[in-house]
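Q: Listed here are the chains, written in short residue letters.
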Amino acid sequence: MLQVQMCGACTGKELLQSWLNKSMKIKMTDGRTLIGLFLCTDKDRNVILGSCEEYLKPPGEGGKKEEPRILGLAMVPGHHIVSIQVDALRDVKLL
Amino acid sequence: MSQESSSNVQDGVQQSKDCSRDDKTALYIPKYNWECITDVFVEACKDLELGELLHDSTFGLFEAMSAIEMMDEKMDAGMMCNQTKRPVLDLHTSVDTGLVKVTGLTYPELIGIMDSSLSCMVTWLEGHSLAQTVFTNLYLHDPHKVEDKPLRTFCLCKLKIVDLLRDRINKAGVYEEEDFQPLTYGFKMGGDLTDVKVISTMKEVEEDLNRALRHLKGQVQEGNAESTIEYQQCGAVCTRVKFFKGLLSMLVALSKDKCEGVPQAKKLISQILEFIEPIRSTISLGIVPEDREITKNDYPTIMGFDPLINQRLLPPTFPRYTVIHTREGAISYVKKLLHRIDTATAVLNASNIQEVFEVFREFSDTSPCVVSRSILQLMFLPPSRKVFGVHTLTDFLKDSVRAFVMPPVLSPKAHTSISVEVKQYVDSLMTRAVRPICTVLQVLGHNRARQRDKWAHLLDDLVTLQDEADKVDGYLHQVQMKADPSHQLGSSFGTWVLYYTIHVMLAYTLSGFELELYAPYEYHYVYWYLYELLYSWMYSTIQRAESFVIEHEAYIESSHSKKGGKKAKKKKRSKAVQRELVICQAQQNMFGGYYKAVVGLKLGNKLKEPNFEFDREEVRYSHRFAPFGNVSTPPLVPYSQYKEITGLHRYSAQPSASDMYSAACKYFHQAKTLFESVQNPSEEITTVIRIAKMNFVLMKLLSGGHKEDSKDPPEFDFSQHKLYPVIKV
Chain A
123 MLQVQMCGAC TGKELLQSWL NKSMKIKMTD GRTLIGLFLC TDKDRNVILG
173 SCEEYLKPPG EGGKKEEPRI LGLAMVPGHH IVSIQVDALR DVKLL
Chain B
7 MSQESSSNVQ DGVQQSKDCS RDDKTALYIP KYNWECITDV FVEACKDLEL
57 GELLHDSTFG LFEAMSAIEM MDEKMDAGMM CNQTKRPVLD LHTSVDTGLV
107 KVTGLTYPEL IGIMDSSLSC MVTWLEGHSL AQTVFTNLYL HDPHKVEDKP
157 LRTFCLCKLK IVDLLRDRIN KAGVYEEEDF QPLTYGFKMG GDLTDVKVIS
207 TMKEVEEDLN RALRHLKGQV QEGNAESTIE YQQCGAVCTR VKFFKGLLSM
257 LVALSKDKCE GVPQAKKLIS QILEFIEPIR STISLGIVPE DREITKNDYP
307 TIMGFDPLIN QRLLPPTFPR YTVIHTREGA ISYVKKLLHR IDTATAVLNA
357 SNIQEVFEVF REFSDTSPCV VSRSILQLMF LPPSRKVFGV HTLTDFLKDS
407 VRAFVMPPVL SPKAHTSISV EVKQYVDSLM TRAVRPICTV LQVLGHNRAR
457 QRDKWAHLLD DLVTLQDEAD KVDGYLHQVQ MKADPSHQLG SSFGTWVLYY
507 TIHVMLAYTL SGFELELYAP YEYHYVYWYL YELLYSWMYS TIQRAESFVI
557 EHEAYIESSH SKKGGKKAKK KKRSKAVQRE LVICQAQQNM FGGYYKAVVG
607 LKLGNKLKEP NFEFDREEVR YSHRFAPFGN VSTPPLVPYS QYKEITGLHR
657 YSAQPSASDM YSAACKYFHQ AKTLFESVQN PSEEITTVIR IAKMNFVLMK
707 LLSGGHKEDS KDPPEFDFSQ HKLYPVIKV
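Here the protein sequences line up with chains A and B, keeping their order. Heads up: the first sequence runs through residues 123 to 217, numbered per my numbering. Heads up: the second sequence runs through residues 7 to 735, numbered per my numbering.
If you're looking for bench data, these hints aren't it; they were derived computationally from the structure. Do not take every clue at face value.
To be verified - Under the rule of at most 27 Å between Cα atoms (straight-line distance), these lysine-lysine pairs were calculated in the DSSO-like manner:
{"#": "1", "chain 1": "B", "residue 1": "K699", "chain 2": "B", "residue 2": "K614"}
{"#": "2", "chain 1": "B", "residue 1": "K581", "chain 2": "A", "residue 2": "K165"}
{"#": "3", "chain 1": "B", "residue 1": "K392", "chain 2": "B", "residue 2": "K273"}
{"#": "4", "chain 1": "B", "residue 1": "K342", "chain 2": "B", "residue 2": "K272"}
{"#": "5", "chain 1": "B", "residue 1": "K203", "chain 2": "B", "residue 2": "K272"}
{"#": "6", "chain 1": "B", "residue 1": "K80", "chain 2": "A", "residue 2": "K149"}
{"#": "7", "chain 1": "B", "residue 1": "K273", "chain 2": "B", "residue 2": "K177"}
{"#": "8", "chain 1": "A", "residue 1": "K149", "chain 2": "B", "residue 2": "K37"}
{"#": "9", "chain 1": "B", "residue 1": "K155", "chain 2": "B", "residue 2": "K203"}
{"#": "10", "chain 1": "B", "residue 1": "K342", "chain 2": "B", "residue 2": "K273"}
{"#": "11", "chain 1": "A", "residue 1": "K187", "chain 2": "B", "residue 2": "K194"}
{"#": "12", "chain 1": "B", "residue 1": "K612", "chain 2": "B", "residue 2": "K728"}
{"#": "13", "chain 1": "B", "residue 1": "K37", "chain 2": "A", "residue 2": "K179"}
{"#": "14", "chain 1": "B", "residue 1": "K91", "chain 2": "A", "residue 2": "K149"}
{"#": "15", "chain 1": "B", "residue 1": "K404", "chain 2": "A", "residue 2": "K144"}
{"#": "16", "chain 1": "B", "residue 1": "K209", "chain 2": "B", "residue 2": "K107"}
{"#": "17", "chain 1": "A", "residue 1": "K144", "chain 2": "A", "residue 2": "K179"}
{"#": "18", "chain 1": "B", "residue 1": "K302", "chain 2": "A", "residue 2": "K179"}
{"#": "19", "chain 1": "B", "residue 1": "K52", "chain 2": "A", "residue 2": "K149"}
{"#": "20", "chain 1": "B", "residue 1": "K80", "chain 2": "B", "residue 2": "K342"}
{"#": "21", "chain 1": "A", "residue 1": "K165", "chain 2": "B", "residue 2": "K80"}
{"#": "22", "chain 1": "B", "residue 1": "K80", "chain 2": "A", "residue 2": "K179"}
{"#": "23", "chain 1": "A", "residue 1": "K187", "chain 2": "B", "residue 2": "K91"}
{"#": "24", "chain 1": "B", "residue 1": "K91", "chain 2": "B", "residue 2": "K107"}
{"#": "25", "chain 1": "A", "residue 1": "K179", "chain 2": "B", "residue 2": "K608"}
{"#": "26", "chain 1": "B", "residue 1": "K209", "chain 2": "B", "residue 2": "K91"}
{"#": "27", "chain 1": "B", "residue 1": "K52", "chain 2": "A", "residue 2": "K135"}
{"#": "28", "chain 1": "B", "residue 1": "K404", "chain 2": "B", "residue 2": "K460"}
{"#": "29", "chain 1": "A", "residue 1": "K187", "chain 2": "B", "residue 2": "K151"}
{"#": "30", "chain 1": "B", "residue 1": "K734", "chain 2": "B", "residue 2": "K713"}
{"#": "31", "chain 1": "B", "residue 1": "K262", "chain 2": "B", "residue 2": "K194"}
{"#": "32", "chain 1": "B", "residue 1": "K614", "chain 2": "B", "residue 2": "K672"}
{"#": "33", "chain 1": "B", "residue 1": "K672", "chain 2": "B", "residue 2": "K717"}
{"#": "34", "chain 1": "A", "residue 1": "K144", "chain 2": "B", "residue 2": "K52"}
{"#": "35", "chain 1": "A", "residue 1": "K187", "chain 2": "B", "residue 2": "K37"}
{"#": "36", "chain 1": "B", "residue 1": "K728", "chain 2": "B", "residue 2": "K460"}
{"#": "37", "chain 1": "B", "residue 1": "K273", "chain 2": "B", "residue 2": "K341"}
{"#": "38", "chain 1": "B", "residue 1": "K614", "chain 2": "B", "residue 2": "K728"}
Starting from the given sequences, assemble the full structure and let the hints guide the process.
A: Here is the structure:
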């Protein structure tokens with residue numbers, strides 16, 4: 123979580139590269155949520171996610187745990203993205 | 007942004023904070039720490055150039071190509087417009103809300119459910135996924151929740167049948183993605199009960215229904231009108247119970263490892279066939295779906311079925327729409343399937359590989375379904391890898407070589423006189439032969455469209471085997487020269503392998519006709535290769551093999567004074583060989599006729615030559631016969647040699663179209679005569695005789711000048727036989 127603050131002087135490209143291969147959560151215009159590994163993007167903000175899962179309701183909310191639909195490799199057109207969240211890993215080692 | 011402290015480091019067990027443990031699965035599910043970066047991301051992307059992609063070195067465009075595009079209705083099966091508006095409930099919810107009954111089912115309901123299940127199963131067998139066919143039946147998701155005994159038992163029986171079929175098809179391994187979808191999506195297939203238990207419970211249900219039938223019959227005889235209908239319905243359910251019980255029993259019998267269950271399976275097949283018509287005539291007694299909106303992937307169903315229940319399980323490819331068979335169509339399919347399986351059991355009568363090969367070829371010619379192809383493969387070679395579950399492969403191959411070519415070293419009387427080394431060489435050759443020969447039989451188990459490519463690949467393996475066989479023959483010849491120079495050995499093993507090599511080459515070439523690959527302007531070299539090369543090699547190979555057998559028999563009789571008592575067996579074998587020779591020669595003559603005809607049509611300016619900018623006949627020729635490049639016997643005839651051999655300038659007087667037509671006449675006539683001499687001709691031979699006659703007549707007319715000036719292109723009509731067209735001008 124310190125990344126954004128640290129990279130105040132980073133270029134946009136470097137920032138994007140720092141997020142590559144991290145878990146990303148994207149909300150689409152039709153209300154679906156995708157969670158996958160951020161693999162690729164371009165100027166128009168088209169995003170490719172790997173090992174992508176699709177949730178109909180935002181995961182974590184609502185009582186019942188939803189079974190996601192496994193998509194594999196998926197591309198989300200930039201104009202269908204409402205919001206993007208990235209998994210800010212801490213820089214500590216996990217056992 | 008959450009300020010989750012990093013004091014967990016002091017715990018020494020980082021995972022207890024970062025991950026949550028799911029007690030049910032004991033999996034460590036990572037807890038994400040989401041941070042919103044939408045605006046930052048948008049800004050950052052502005053730094054990229056138009057068309058520039060940002061990714062790491064391990065990701066490329068090739069990978070990117072296979073990504074599914076979200077929010078594109080053709081590719082995104084989860085999109086709203088591809089989703090249904092109506093609620094899709096699973097079995098438990100449906101039962102709780104009273105939409106689906108699990109007790110007190112009426113006979114029409116049972117009939118409808120059983121018939122719809124059969125339709126789903128047949129649709130699955132034609133290549134669709136289980137999720138969109140069989141498992142649209144909610145009852146099958148959890149049969150133990152069904153309290154109604156007939157329905158519960160039927161469901162378990164159904165699951166067992168599906169599981170057995172899936173097992174057979176998987177084990178045989180002769181399916182492609184267009185034939186069959188093996189994925190089970192984790193559904194349970196009644197594995198907690200044995201097949202025997204399910205069959206015996208079906209018997210109990212049958213007996214219950216029989217009791218009810220007797221009771222109802224009594225009421226009908228008393229004149230109770232309502233009971234008549236109920237009596238018919240009850241009878242219909244009972245017939246179906248017997249049918250499915252029989253189907254399961256048959257599949258269990260067929261799956262026995264030593265093929266000992268096959269006679270019983272045959273009996274069961276004839277029993278089950280008796281139920282087909284009674285079932286067909288009572289389909290109308292079952293409940294039918296109410297009208298409902300039909301969309302791309304949703305159609306009306308009866309209670310207990312939902313086409314969309316498994317949508318989330320499907321792979322994320324473009325949405326697939328499955329059209330379920332009608333109930334009448336399904337029962338007709340099963341009838342044909344049972345007949346095919348029955349035909350397949352004939353393979354057990356084969357005593358050597360050549361006979362198995364013949365059975366497999368004839369079976370494949372009928373373009374059978376994936377189930378019957380798989381069952382045939384497994385009857386020949388069950389998972390135990392013993393032929394018919396009984397013989398070892400090498401022994402069976404030795405028997406086959408003996409029957410085909412009788413090399414003295416394998417002769418039953420030669421056991422004591424051969425050295426250990428010789429035996430080793432021969433055994434090792436037989437072991438090496440197992441894979442290519444079994445692959446020949448396996449290729450015949452695939453669907454017709456896929457065989458051509460496989461034949462081409464198989465030739466490489468056969469070439470290697472041919473080399474080894476020739477080496478063994480050479481060695482045996484040397485050994486024999488030292489022992490007894492007066493009695494020379496022929497190339498027995500080489501001849502046996504050559505027989506299969508040529509068959510594969512023929513199958514490859516002929517498949518081009520079946521798959522409609524050749525254009526009419528290519529026919530001349532294809533027909534030439536068949537008639538001049540492949541069939542003549544085949545004929546001489548069979549003849550040579552037969553001469554070895556006869557020679558050996560004569561040798562044995564001369565050195566041992568007593569006569570062999572197997573006169574009848576010898577006669578039967580030589581009759582079979584004669585038949586094979588006659589048919590081979592007849593086929594050669596047919597293609598000879600076609601070759602001359604095509605050359606004549608070219609000379610008569612009726613067959614057009616292609617005139618494309620980048621076309622070269624030599625390239626086409628080489629491409630068509632490329633797989634023959636590695637084969638040393640018979641060697642590939644290069645294009646230049648083909649042109650030389652077939653060049654019309656070789657004749658002293660340039661032949662005319664009319665001369666060619668007359669030559670074609672002779673060939674067709676000879677073919678017809680040869681085919682007519684075959685005892686007990688099959689329906690196919692009768693058809694080919696008719697085709698030969700028609701072509702003979704046409705060639706006669708053409709040679710007499712009929713339609714000489716017509717420039718109309720000839721028509722090659724394959725409607726009567728996929729390999730032998732009727733030529734029309």
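Q: Does each hint fit the structure? Answer for all of them.
A: Going through the hints against the structure:
{"no.": "1", "hint": "B:K699 to B:K614", "verdict": "26 Å, holds"}
{"no.": "2", "hint": "B:K581 to A:K165", "verdict": "78 Å, violated"}
{"no.": "3", "hint": "B:K392 to B:K273", "verdict": "24 Å, holds"}
{"no.": "4", "hint": "B:K342 to B:K272", "verdict": "14 Å, holds"}
{"no.": "5", "hint": "B:K203 to B:K272", "verdict": "22 Å, holds"}
{"no.": "6", "hint": "B:K80 to A:K149", "verdict": "21 Å, holds"}
{"no.": "7", "hint": "B:K273 to B:K177", "verdict": "24 Å, holds"}
{"no.": "8", "hint": "A:K149 to B:K37", "verdict": "18 Å, holds"}
{"no.": "9", "hint": "B:K155 to B:K203", "verdict": "14 Å, holds"}
{"no.": "10", "hint": "B:K342 to B:K273", "verdict": "16 Å, holds"}
{"no.": "11", "hint": "A:K187 to B:K194", "verdict": "23 Å, holds"}
{"no.": "12", "hint": "B:K612 to B:K728", "verdict": "23 Å, holds"}
{"no.": "13", "hint": "B:K37 to A:K179", "verdict": "17 Å, holds"}
{"no.": "14", "hint": "B:K91 to A:K149", "verdict": "22 Å, holds"}
{"no.": "15", "hint": "B:K404 to A:K144", "verdict": "62 Å, violated"}
{"no.": "16", "hint": "B:K209 to B:K107", "verdict": "23 Å, holds"}
{"no.": "17", "hint": "A:K144 to A:K179", "verdict": "22 Å, holds"}
{"no.": "18", "hint": "B:K302 to A:K179", "verdict": "25 Å, holds"}
{"no.": "19", "hint": "B:K52 to A:K149", "verdict": "20 Å, holds"}
{"no.": "20", "hint": "B:K80 to B:K342", "verdict": "36 Å, violated"}
{"no.": "21", "hint": "A:K165 to B:K80", "verdict": "25 Å, holds"}
{"no.": "22", "hint": "B:K80 to A:K179", "verdict": "22 Å, holds"}
{"no.": "23", "hint": "A:K187 to B:K91", "verdict": "22 Å, holds"}
{"no.": "24", "hint": "B:K91 to B:K107", "verdict": "23 Å, holds"}
{"no.": "25", "hint": "A:K179 to B:K608", "verdict": "71 Å, violated"}
{"no.": "26", "hint": "B:K209 to B:K91", "verdict": "43 Å, violated"}
{"no.": "27", "hint": "B:K52 to A:K135", "verdict": "9 Å, holds"}
{"no.": "28", "hint": "B:K404 to B:K460", "verdict": "25 Å, holds"}
{"no.": "29", "hint": "A:K187 to B:K151", "verdict": "24 Å, holds"}
{"no.": "30", "hint": "B:K734 to B:K713", "verdict": "11 Å, holds"}
{"no.": "31", "hint": "B:K262 to B:K194", "verdict": "23 Å, holds"}
{"no.": "32", "hint": "B:K614 to B:K672", "verdict": "25 Å, holds"}
{"no.": "33", "hint": "B:K672 to B:K717", "verdict": "25 Å, holds"}
{"no.": "34", "hint": "A:K144 to B:K52", "verdict": "21 Å, holds"}
{"no.": "35", "hint": "A:K187 to B:K37", "verdict": "14 Å, holds"}
{"no.": "36", "hint": "B:K728 to B:K460", "verdict": "20 Å, holds"}
{"no.": "37", "hint": "B:K273 to B:K341", "verdict": "15 Å, holds"}
{"no.": "38", "hint": "B:K614 to B:K728", "verdict": "23 Å, holds"}
When held up to the earlier numbered hints, the structure conflicts with 2, 15, 20, 25, 26 and fits the remainder.
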